[in-house]
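Produce the complete structure using the sequences and hints provided.
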Amino acid sequence: MNHPVSLKKPKYILFDLDGTLADSAPDLAAAINAVRTEHGLPPVPYEQLRPVASAGAPGLVNAAFHLTPQNELYGDIRERFLHHYSANIADRTRLFDGIPELLAALRRLNIGWGIVTNKVSKLTLPLIGKIGLGDADCVISGDTAARPKPHPDPLLEAARQLHIRPEESWFVGDDRRDIQAGKAAGTGTIVAQWGYCSNPASWNADYMAEHPGHILELLHSLTA
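Its first residue numbered 1133, the sequence shown is counted upward by one per residue in the working numbering.
Keep in mind that the hints were calculated from the coordinates and are not lab data. Predicted model, so just to flag it, every value in this text is computed and none were measured. Treat the hints with caution; some may be incorrect.
[What the hints assert, rightly or not] Straight-line C-alpha distance at most 30 Å; calculated DSSO-like pairs for lysine-lysine: (1) 1254 with 1143; (2) 1141 with 1315; (3) 1140 with 1315; (4) 1254 with 1315; (5) 1143 with 1315; (6) 1140 with 1254.
What follows is the structure, encoded as structure tokens:
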């Protein structure tokens, strides 16, 4: 259920990257399947990998190899995955439909926007440059702050860099950790339902947007 009345017009809107701004699942799935090929294994169907794309390397390695970070084999598999992914990071990754229009509209409304992702900076920065997100007002990667999402640290660091209070921003994401981080930091929280999320109704976000354009509609409703 949406509760937009609890939201106030933000000075900045912060976005998760994978599954929120960018549909990166095709390249992530190809990278982990390349590792399976190295091990003489058949590829995992894309439909099984796409829902875990927002979980990054841990989610993809677990989905493809049933390994957790505690397993002694995990590190080697993760390194091979990152090798393949970094070499082909923007082959098929594209912005979701409606994202370019939303970001352009935010500029016209004098609302800034930034990126807060758990993807490490050595992957984040090359990717955003290749897919048209290089003009973000801030970029917080998984290794920027002391702790990644679901901890509030990345969002607090974004607010510090933007010289605002966290409550003067919204955070948009498609993973439960995004909403947890936003709530812990004090931002408004919006679920990007167009992403890789499942069962987001249980996350108790302030608003659930089925399409990027719905965020713009929400902003207009708050300023009408």
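- prompt: Tell me, which hint numbers fail for this structure?
  reply: Per hint list: single violation, 6.
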